[in-house]
Amino acid sequence: MAASRADPRSCTRAAQRARRHRSGNRAACAGRGPRATARTRGCPVKSRRARPADLPALASLIAHYAEAGLLLPRSEGELRARLADFLVLEDTAGLAGCVALELYGPHLAEIRSLAVRPGAQGRGLGRRLLRYALNVARRRRIAQVFAVTESPEFFLRHGFMPAAREAFPEKLQRDCQGCPKRRNCRLHAVVLTLYPLPKRSDPLTVLAPTTAALAAR
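Heads up, the sequence shown is in the working numbering, so the first residue is 1 and it goes up one at a time.
FYI, nobody ran anything at the bench for these hints, they're computed from the structure.
Beta carbons are placed, not taken as given, at the ideal position from N, Cα and C, and that holds for glycine.
There may be inaccurate statements among the hints.
Claimed, not checked - Simulated restraints, written as ranges between beta carbons of each label pair:
1) Ala53 to Arg140: 22 to 28 Å
2) Leu83 to Lys199: 33 to 39 Å
3) Leu197 to Glu102: 16 to 22 Å
4) Ser151 to Leu55: 21 to 27 Å
5) Pro198 to Ala63: 19 to 25 Å
6) Gly69 to Arg157: 21 to 27 Å
7) Lys199 to Gly122: 42 to 48 Å
8) Leu197 to Pro44: 37 to 43 Å
9) Pro198 to Gly94: 38 to 44 Å
10) Glu78 to Pro106: 19 to 25 Å
11) Ala164 to Ala53: 35 to 41 Å
12) Gly124 to Glu166: 31 to 37 Å
Said to hold, decoys possible - With a straight-line cut-off of 25 Å between C-alpha atoms, the simulated DMTMM-like cross-links for lysine to aspartate or glutamate are:
13) Lys46 to Glu90
14) Lys46 to Asp85
15) Lys171 to Glu153
16) Lys171 to Glu67
17) Lys171 to Glu90
Please construct the entire structure, taking both the sequences and the accompanying hints into account.
Here it is as structure tokens:
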């Protein structure tokens, strides 16, 4: 049987529909347009180490949340110096989120600058970033990981426990000493023990969980 010839006008219309579909997916992944919330859930996301080319996007993302008082501000120079600490998520629209795992000696690390791009939220990317950072900490045999955060409930749901901020004197001295909000600070410290502490290490002061903390877990 001879193959039937395709109508060139039908082919053109099909190609136009395909282009519109791809364009809509890209816009949705970027968090734009009325269908962004529904469609972003299906956009592919890959995790990797941060690269120098990520610096502008990293600085912009962290600055966005720092202006809202949700993250500590970090200059592009500081980010460049600490780039090796950063892990990122990337989708078809670019940088979807970031997190830093900052070492305080061989047995302690801090989760810092955990952020998800506006428009990419609601896809579980914050949870994925946290798990990514914790997996890196486990591979490095880091005994304890802590965070100082305005949203302790997020960390408590992932096994962290409330802790006294005074248990992290180096953190207080480095990041809190010159903070203009230190007298009215609303941040909470949380800590997760991944491995037993070496015998010579001083245990951190872990607070008894409150009813709210237990409910959040």
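Please name the hints from earlier in the document that this structure breaks, with their numbers sorted from lowest to highest. The structure breaks hints 5, 17; every other hint is satisfied.
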